[in-house]
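A.B. asks: Residue numbers (the numbering used here), protein chains in the order written: chain A, 3 to 358; chain B, 3 to 358.
In case anyone wonders, no lab produced these hints; they're calculated from the structure. Each hint should be verified, as a subset may be incorrect.
It does not matter which identical chain is meant; a pair holds if it fits inside one copy or across any two.
[What the hints assert, rightly or not] Listed next, the in silico SDA-like pairs over lysine to any residue satisfying Cα-Cα at most 20 Å (straight line):
hint	residue 1	residue 2
1	K357	L331
2	K58	L73
3	K357	V68
4	K357	G97
5	K357	R44
6	K143	Q208
7	K357	I33
8	K15	T94
9	K15	D96
10	K58	R301
11	K357	D253
12	K51	V326
13	K352	E181
Only a predicted model underlies this, so the values are computations on that prediction, with no experimental measurement involved.
There are 2 protein chains.
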Amino acid sequence: MTIPTTATPPSDKALVPFVSVDHMMQIVHQIGLAQVLRDLTRYIEDDFKRWPSFDKTPRVASHSDVGVIELMPTSDGESYGFKYVNGHPRNTADGLQTVTAFGLLADVATGYPVLLSEMTLLTALRTAATSALAARYLAPKGSTCMAMIGNGAQSEFQILAMQAVLGITHIRLYDTDPESSRKCAENLAQSTLNIRICDTPQDAVQGAQIITTCTADKRNARVLTDNMVGSGVHINAIGGDCPGKTELAADILHRSEIFVEYPEQTRIEGEIQQLTPDHPVTELWQVISGAATGRQNDRHVTLFDSVGFAIEDFSALRYLRDVVAQTGLFLPLDMLADPDDPKDLYGMLKRAAPKP
Amino acid sequence: MTIPTTATPPSDKALVPFVSVDHMMQIVHQIGLAQVLRDLTRYIEDDFKRWPSFDKTPRVASHSDVGVIELMPTSDGESYGFKYVNGHPRNTADGLQTVTAFGLLADVATGYPVLLSEMTLLTALRTAATSALAARYLAPKGSTCMAMIGNGAQSEFQILAMQAVLGITHIRLYDTDPESSRKCAENLAQSTLNIRICDTPQDAVQGAQIITTCTADKRNARVLTDNMVGSGVHINAIGGDCPGKTELAADILHRSEIFVEYPEQTRIEGEIQQLTPDHPVTELWQVISGAATGRQNDRHVTLFDSVGFAIEDFSALRYLRDVVAQTGLFLPLDMLADPDDPKDLYGMLKRAAPKP
Chain A
3 MTIPTTATPP SDKALVPFVS VDHMMQIVHQ IGLAQVLRDL TRYIEDDFKR WPSFDKTPRV
63 ASHSDVGVIE LMPTSDGESY GFKYVNGHPR NTADGLQTVT AFGLLADVAT GYPVLLSEMT
123 LLTALRTAAT SALAARYLAP KGSTCMAMIG NGAQSEFQIL AMQAVLGITH IRLYDTDPES
183 SRKCAENLAQ STLNIRICDT PQDAVQGAQI ITTCTADKRN ARVLTDNMVG SGVHINAIGG
243 DCPGKTELAA DILHRSEIFV EYPEQTRIEG EIQQLTPDHP VTELWQVISG AATGRQNDRH
303 VTLFDSVGFA IEDFSALRYL RDVVAQTGLF LPLDMLADPD DPKDLYGMLK RAAPKP
Chain B
3 MTIPTTATPP SDKALVPFVS VDHMMQIVHQ IGLAQVLRDL TRYIEDDFKR WPSFDKTPRV
63 ASHSDVGVIE LMPTSDGESY GFKYVNGHPR NTADGLQTVT AFGLLADVAT GYPVLLSEMT
123 LLTALRTAAT SALAARYLAP KGSTCMAMIG NGAQSEFQIL AMQAVLGITH IRLYDTDPES
183 SRKCAENLAQ STLNIRICDT PQDAVQGAQI ITTCTADKRN ARVLTDNMVG SGVHINAIGG
243 DCPGKTELAA DILHRSEIFV EYPEQTRIEG EIQQLTPDHP VTELWQVISG AATGRQNDRH
303 VTLFDSVGFA IEDFSALRYL RDVVAQTGLF LPLDMLADPD DPKDLYGMLK RAAPKP
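Construct the complete structure from the given sequences, taking the supplied hints into account.
C.D. replies: Following this line, the structure appears as structure tokens:
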């Protein structure tokens, strides 16, 4: 008989399921990426429909000269979730990700965490699913072609979500760095998508019913200018997501119906930071729940000014919790002290002393 | 040669050191609890001395009928730390901890996490170290006897910190539940402390230069009444830490010199929620940095109205990071996606597909 170094191994209550990056990738491959994107869209849609039942607060940001670290909490009264996410545009120069993230889901009744997960991949997935969800409500019916402006880390996910959820068949790529476009096209070579790399953004938007912008420069860029946006188009603007970082010329905003996640946050971080604080916008959840109208006719320009919101992460964590229970792809993490007697934390420590 | 299921194992950049509850206990036993408490006191003291260099914000709380979940972030411009902590008084009835916690330290320059740790034990340790630090500046010189009112999960740590840092030799225990006092006395039986269990709080405070209150009921309790507090005493009030939860009769507050961590938070959560918002208090960091006077004479009653602040957790995480590097007692956690090319997150996912 061996003598354990700790008197009592941690009980189930002390163990939090942890989904690593490797587990997340295995989960995606086991379920299939298109199915994951469709599932996530459904979970996000369900949560947007019950939007008023969530505790909402703008993210808690800690800014520095080189980037930002944010905590994004929310709760539906039953579960509590938050995401840790950074944004450091210069990181790529050192071979690091611009954005990394992890998140946690907890039980409101006990305060005990029930899931810890990597969220760099999961954020890319939920961002793409949210875009596809918005496009399903806002893009012209029967859209088949999307222009993808900015072909970085998020681009393939955006494209595949639009394919999985909307049935998009044609993709037109543009990036200031042609190497990024080649990488994107190559990654998607085995899809059934018809993909074309374009030399200019003007060329990329030709014939596209949906224009997705997802560029990374932290400045007031003009990725799209007014003359590039024809009537009836849906713009899915992803890249403008912090003060001083926008992608669209203001002229476009003035002739668009604008849809946002959470106005309090979008007016600070989104494209509409260029507009007056009282410029009319529609909250996406109201369209999804039927309280507001989305696209009104075939000639309107609709704009989803997306900055990402905590409820989308909550939906993603909720989905992952359900999936993890089925797949078993997680590591039980000894993260919570769980003494036999809750009043006897010291006793637990004492009994863990190495035997002399 | 075996074919790995993922094309590339995660690089060092993707791995975050994680300190489990078991690792934390091993670390404490390896270094020695008294030494850990002294070390933590020094780290907290160092950070209190440079208090103005920290980003400070009241904790971000999500309240429910049965408890609260909080995020406590702070940054010194070089490192960023936050703690997740819950408070659920009714948890003990179900064999769960009232308070569980975990925390994270990150590099401000890159936004990358550098340490994830359990913090239920670490919070107990840092709370005790903070109390001892405050008492070193505020308690009468040569204090030898402490009354410990409330003998729950925090009590042994409070007592051992006062012994390790101040040289306290005599302890007088009181709890409404005598079983808790017996547990506490038994846990400390092998210490060199002279310990006495008392039948009443009046009895417990007899001859004590330091009175520590650490009770758990969520209500405006009167653990200490005015007649129980003689001149020259230092009160270390730990248990009042949220709106509606206090331990001291207001009379005591009116004849005490009051010291707090962060007034913006203590006025909401501490004993001083009973006083007018302009009642004078002194910030502990000012005493420690020499900018304000602590105890002025032998007859004054000093009160450390402690609610716990993010900088104490930051100090504890900073200490743990230094210790973990020496002891190697951690688990490398595959928490951050780290593609070879930061722009090619999808490529990383694709290459992780199971081989057909």
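A.B. asks: As a check of your reading, is K357 near G97 (CA-CA no more than 20 Å) within one copy, between copies, both or neither?
C.D. replies: Neither: 46 Å inside a chain and 27 Å across chains, both beyond 20 Å.
A.B. asks: From the Cα coordinates, with 20 Å as the cut-off, is the pair K357 and I33 best called within, between, both, or neither?
C.D. replies: between (47 Å within a copy, 15 Å between copies)
A.B. asks: Check K357 against R44 for me: Cα-Cα at most 20 Å, and say if that holds within a copy, between copies, both or neither.
C.D. replies: Intra 53 Å, inter 30 Å, cutoff 20 Å: neither.
A.B. asks: Given a CA cutoff of 20 Å, do K58 and R301 count as a within-copy pair, a between-copy pair, both, or neither?
C.D. replies: This pair counts as neither: shortest intra-copy Cα distance 34 Å, inter-copy 50 Å.
A.B. asks: Checking K15 and T94: alpha-carbon separation at most 20 Å within a copy, between copies, both or neither?
C.D. replies: between (39 Å within a copy, 13 Å between copies)
A.B. asks: How would you label the pair K357, D253 (within, between, both, or neither) given a Cα cut-off of 20 Å?
C.D. replies: Neither. Shortest intra-copy (74 Å) and inter-copy (50 Å) distances fail the 20 Å Cα cut-off.
A.B. asks: Classify it for me, K143 with Q208: is the Cα-Cα distance of at most 20 Å met within a copy, between copies, both or neither?
C.D. replies: Close inside one copy (18 Å), not across copies (81 Å); limit 20 Å.
A.B. asks: From the Cα coordinates, with 20 Å as the cut-off, is the pair K357 and V68 best called within, between, both, or neither?
C.D. replies: neither (49 Å within a copy, 40 Å between copies)
A.B. asks: Measure nothing new, just compare the shortest in-copy and cross-copy C-alpha distances for K357 and L331 to 20 Å and report within, between, both or neither.
C.D. replies: The answer is between: 18 Å across copies meets 20 Å, while 35 Å in one copy does not.
A.B. asks: Is the C-alpha distance from K352 to E181 at most 20 Å within one copy, between copies, in both cases, or in neither?
C.D. replies: between (59 Å within a copy, 18 Å between copies)
A.B. asks: Given a CA cutoff of 20 Å, do K15 and D96 count as a within-copy pair, a between-copy pair, both, or neither?
C.D. replies: Between copies only: 11 Å across chains, 40 Å inside a chain, cut-off 20 Å.
A.B. asks: Checking an output row: K51 and V326, CA cutoff 20 Å. Within, between, both or neither?
C.D. replies: Neither way: K51 and V326 sit 24 Å apart in one copy and 46 Å across, limit 20 Å.
The structure fails hints 3, 4, 5, 10, 11, 12 (numbered hints given earlier, in ascending order).
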